[in-house]
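S.K.: Dock chain X against the given chain D, drawing on the hints supplied.
There are 2 protein chains.
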Amino acid sequence: MAKQDKEFVKEITPQSEDYSQWYLDVILKAQMMDYAPVKGCMVIRPYGYALWENMQKGLDERIKATGHRNAYFPIFIPESLLQREAEHVEGFAPEVAWVTHGGNEKLTERLLVRPTSEAIICEMYSRWIQSYRDLPVLINQWCNVVRWEKVTRPFLRTTEFLWQEGHTVHRTEAEAQEETLKMLEVYRDFVENDLAVPVVKGQKSEREKFAGALRTYSIEALMSDGKALQAGTSHNLGTHFAKVFDITFLDSDGELKYAWQTSWGVSTRLIGAIIMVHGDDRGLVLPPKVAPTQVILVPIMPKKARAEVLEKASAIFAELKQSGLRIEMDDREEYSPGWKFNEWEMKGVPLRLEVGPRDLAAGQAVLARRDTGDKEVVALTDLTVRVPALLAEIQNNMLEKAKKFRADNTHRTDDYEEFKQIIEEKRGFVISGWCGHADCEAAVKEETKATIRNIPFSLEKETPGRCLYCGSEGKHLVIFARSY
Amino acid sequence: MAKQDKEFVKEITPQSEDYSQWYLDVILKAQMMDYAPVKGCMVIRPYGYALWENMQKGLDERIKATGHRNAYFPIFIPESLLQREAEHVEGFAPEVAWVTHGGNEKLTERLLVRPTSEAIICEMYSRWIQSYRDLPVLINQWCNVVRWEKVTRPFLRTTEFLWQEGHTVHRTEAEAQEETLKMLEVYRDFVENDLAVPVVKGQKSEREKFAGALRTYSIEALMSDGKALQAGTSHNLGTHFAKVFDITFLDSDGELKYAWQTSWGVSTRLIGAIIMVHGDDRGLVLPPKVAPTQVILVPIMPKKARAEVLEKASAIFAELKQSGLRIEMDDREEYSPGWKFNEWEMKGVPLRLEVGPRDLAAGQAVLARRDTGDKEVVALTDLTVRVPALLAEIQNNMLEKAKKFRADNTHRTDDYEEFKQIIEEKRGFVISGWCGHADCEAAVKEETKATIRNIPFSLEKETPGRCLYCGSEGKHLVIFARSY
Chain D
7 MAKQDKEFVK EITPQSEDYS QWYLDVILKA QMMDYAPVKG CMVIRPYGYA LWENMQKGLD
67 ERIKATGHRN AYFPIFIPES LLQREAEHVE GFAPEVAWVT HGGNEKLTER LLVRPTSEAI
127 ICEMYSRWIQ SYRDLPVLIN QWCNVVRWEK VTRPFLRTTE FLWQEGHTVH RTEAEAQEET
187 LKMLEVYRDF VENDLAVPVV KGQKSEREKF AGALRTYSIE ALMSDGKALQ AGTSHNLGTH
247 FAKVFDITFL DSDGELKYAW QTSWGVSTRL IGAIIMVHGD DRGLVLPPKV APTQVILVPI
307 MPKKARAEVL EKASAIFAEL KQSGLRIEMD DREEYSPGWK FNEWEMKGVP LRLEVGPRDL
367 AAGQAVLARR DTGDKEVVAL TDLTVRVPAL LAEIQNNMLE KAKKFRADNT HRTDDYEEFK
427 QIIEEKRGFV ISGWCGHADC EAAVKEETKA TIRNIPFSLE KETPGRCLYC GSEGKHLVIF
487 ARSY
Chain X
7 MAKQDKEFVK EITPQSEDYS QWYLDVILKA QMMDYAPVKG CMVIRPYGYA LWENMQKGLD
67 ERIKATGHRN AYFPIFIPES LLQREAEHVE GFAPEVAWVT HGGNEKLTER LLVRPTSEAI
127 ICEMYSRWIQ SYRDLPVLIN QWCNVVRWEK VTRPFLRTTE FLWQEGHTVH RTEAEAQEET
187 LKMLEVYRDF VENDLAVPVV KGQKSEREKF AGALRTYSIE ALMSDGKALQ AGTSHNLGTH
247 FAKVFDITFL DSDGELKYAW QTSWGVSTRL IGAIIMVHGD DRGLVLPPKV APTQVILVPI
307 MPKKARAEVL EKASAIFAEL KQSGLRIEMD DREEYSPGWK FNEWEMKGVP LRLEVGPRDL
367 AAGQAVLARR DTGDKEVVAL TDLTVRVPAL LAEIQNNMLE KAKKFRADNT HRTDDYEEFK
427 QIIEEKRGFV ISGWCGHADC EAAVKEETKA TIRNIPFSLE KETPGRCLYC GSEGKHLVIF
487 ARSY
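Sequence lines, in order, name chains D and X. Residue numbers for the first sequence, in my numbering: 7 to 490. Residue numbers for the second sequence, in my numbering: 7 to 490.
Hints in this document: simulated from the structure, not taken from any laboratory. There's no promise every hint is true.
For chains that are exact copies, the list does not tell them apart, and a pair is met inside one copy or across any two.
No farther apart than 30 Å at their CA atoms in a straight line, the calculated lysine-lysine pairs in the DSS-like style are these [to be verified]: (1) K188 with K327; (2) K263 with K35; (3) K70 with K426; (4) K432 with K156; (5) K70 with K318; (6) K233 with K207; (7) K407 with K309; (8) K35 with K70; (9) K249 with K35; (10) K327 with K70; (11) K426 with K318; (12) K45 with K249; (13) K70 with K346; (14) K327 with K63; (15) K410 with K207; (16) K35 with K467; (17) K45 with K112; (18) K467 with K188; (19) K112 with K156; (20) K481 with K381; (21) K45 with K481; (22) K188 with K63; (23) K207 with K426; (24) K426 with K481; (25) K409 with K481; (26) K310 with K327.
Isolated chain D (complex conformation):
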């Protein structure tokens, strides 16, 4: 550990003072990332990457369990392929990185570094698909993508980021729609149960949908500063891409038909969601299911008892590790226990296990929770049972706490003056009626910086009331919020 790291634990700006600075302080000091010498790019350091690996594992299992297989498509897309779908090129062309030279030669056609892979994947699908027997095609890809962003923020919006993108092809509209909603539900399940981040499932407005999609759905989360974060999207692409990339199949009725497609993705931006939903003024708070280290064992070692404590602590460490827990032991001599407590709290480790000479003499240890700060004394013989149980409790409590925060910060009004006041003073989600017109949506955004996050499925059956902006009859109940 470097010298300059030694005083950092208390150097986190309080959330109440400057939330953005708190966020940057936390991710830098916890060594989640560092700025790279390329504008808008970041380095994901081992601690941040280990979190991402655990997230990948949980999501990849779900993606495979729903019948998808992983593949890999090239990072470069010829400009002519991007040009084919009009909305798609309009949406992405302004924010792509262009490769113009290979070695010492100028390319005859520019290549873009993928901002998303619909174009190149559709080109391959048009070769691979001929018959209804080739369908469905259920492929996912884990990769890096690049979007030339003007304003960036680590994890939330970076020039390069890591993600998965699913791309599927179906025989009918109904199948494509079913897939679109199935993967949205996979995302909800993953984000709520593994990341302990509650989300709202719903449809995006026309204005906010993916460039080239028929319909876009999203899961939206609420950060602890009251701003929303789009945590994942799932698109029914209709036959838009099939028509321009010529993805047709001979159906069993002998007719040549355009195929229906979907695409869906989540990214390293979810790391930002974890940080902002659960973090506090002491630093990160990581959900046990994805935390790189679930338990940090800190032996309390007065000089004369050092060997004895260390021996016993090592045995406890080995036993818990053997049981499948992600546990680390911090037996560094150059730091005090208090300093270590601070550091591991800052790193968001869900559970701290303290063992000192007196504890050991009494055949017990102390467990301290990161989420509540609660401590409890546990018999050493109970550790392999109590630790996993406590981790499950922490996971559950983190989700419930985030749900309560969201409930406390979800408002309901069709009154525009009240709406403006809420958005300005309290933030959070605001549920309002909307007439369905893009003009009203745009005016609200212009005047308040709040956008329609989505049209929640959960509110579909409620009476929409009146449009927040124009006062005419509401068509949908929607969630407005300022967002990342």
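M.R.: Chain X in isolation, oriented as in the chain D frame:
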């Protein structure tokens, strides 16, 4: 399955007729990959990618078990960073892809798409490392890299490929050297034990070493056409990069010192090695440890017994899957058993399990090995024991067979005329004396297209004899071969 796939099983060019065409036939027909609409790039299709995922898992476990952690560094490297290390820039600048525009704007400095990440990683290491307490740094990265190759061949040499690259920093030369050789041994262990590909560990000549390295080591494998393939490399970078990127640390003696570094990598090219070492005229032969499908269950279903066979086969399938095997069942009605046998043999599945009405009546099934073609009858009650045992036998047999092929195709001569004849007519590895001069090495390459693959550790203690080319006293025994 598309119509055009139905007749493909017998459409593989024999190895003896045209080895290159055999290779392309096999990988296309087994749907390992497809050509992308970008020069020199390929799509890794689900069957090929599943193989890569299994390979990644086996290697990643070994990389982590030796104390390394994964991270992610940006794909873009500013031109000025590449320029710093003279040999490095000379080696890589001619083959990089250049990003010159972001969105609609021309960049003030060109960015290269990483061909390898020493430059950007060293830049970060110079920020992160101050004290000997920060060392060692043991980081690995799984990512895509791009090299603008003139001549490409799927998996073996493509413009974009996937790999892992380890980058470590150490306090002393001895530690860096130990790490370099440790990772070379990790590669040997992985490639021989998981991929069943025997390799020769050794040091690269000065001429063939990595651009910027102090010493490069490689593992070299022999393909079934007698050409060599460099299967992995591990570099002791010395303090070359530390000096130009200013990676210094305050040592415990109070002195500021340059750090010692290593880097090491293997790539999707290893997939090419698997194909070329084990494949035959019927198609792929995949090692059980990494095969996407280890066992293909083919129920033999005459019309009247269909329901009964399928029910029993499903139970067998469930039981074997439950036991942890990667097993698939092919119960498609539109294909005959013989056609299915051919297809799965072509796809290289190590073991086929046939169950028909007569087998089932007798309480037994037939197991057919892909590597030898041998069949055996097994009692259904023994399957969960016999199948894993047979897979282990196949894995072992594949390695032994490849070792025997290599032994049969390794020649020993210091006579240049004989050497030329061997290289021209038999190929294989040729062990010869070498005086250590680059001139002789270059002349042999010029005249025979054979290069020094490496200076094998295993021959270090033998007397080198005379230099193959100049006849002066030999300094090393080396392996010459034509290579991919």
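S.K.: If the cut is 30 Å between Cα atoms, do K407 and K309 qualify within a copy, between copies, both or neither?
M.R.: Answer is neither: 41 Å inside a copy and 59 Å across each miss the 30 Å cutoff.
S.K.: Have a look at K70 and K346 and pick one of within, between, both or neither, based on CA distance no larger than 30 Å.
M.R.: Result: close only across copies, 24 Å inter versus 40 Å intra.
S.K.: Please sort K35 with K70 into within, between, both or neither, judging by C-alpha distance up to 30 Å.
M.R.: So K35 and K70 pass the 30 Å test across copies only (24 Å; inside, 35 Å).
S.K.: Since the copies are identical, ignore which copy is meant and state whether K70 and K318 lie within 30 Å (CA to CA) inside a copy, between copies, both or neither.
M.R.: between (42 Å within a copy, 26 Å between copies)
S.K.: Is it within, between, both or neither when you check K207 against K426 at 30 Å Cα-Cα?
M.R.: Classified as within: same-chain Cα gap 24 Å, cross-chain 70 Å, threshold 30 Å.
S.K.: Is it within, between, both or neither when you check K481 against K381 at 30 Å Cα-Cα?
M.R.: neither (51 Å within a copy, 68 Å between copies)
S.K.: For the identical chains here, do K310 and K327 meet the 30 Å Cα criterion within one copy, between copies, both, or neither?
M.R.: For K310 and K327, the Cα distance is within 30 Å only inside one copy (27 Å; across copies 55 Å).
S.K.: Between K249 and K35, at a C-alpha cutoff of 30 Å, which is it: within one copy, between copies, both, or neither?
M.R.: Between copies only: 28 Å across chains, 50 Å inside a chain, cut-off 30 Å.
S.K.: Is it within, between, both, or neither for K35 and K467, if the alpha carbons may be no more than 30 Å apart?
M.R.: neither (46 Å within a copy, 51 Å between copies)
S.K.: I want to check one pair: K327 and K70. Are their C-alpha atoms no more than 30 Å apart within a copy, between two copies, both, or neither?
M.R.: The answer is both: 28 Å in one copy and 15 Å across copies each meet 30 Å.
S.K.: When no copy is specified for K467 and K188, does a C-alpha distance of 30 Å or less occur within a copy, between copies, both, or neither?
M.R.: Answer is within: at 21 Å inside a copy they meet the 30 Å cutoff, but 63 Å across does not.
S.K.: Classify it for me, K410 with K207: is the Cα-Cα distance of at most 30 Å met within a copy, between copies, both or neither?
M.R.: Close inside one copy (17 Å), not across copies (60 Å); limit 30 Å.
Comparing the model with each numbered hint stated earlier shows that hints 3, 7, 11, 16, 20, 21 do not hold.
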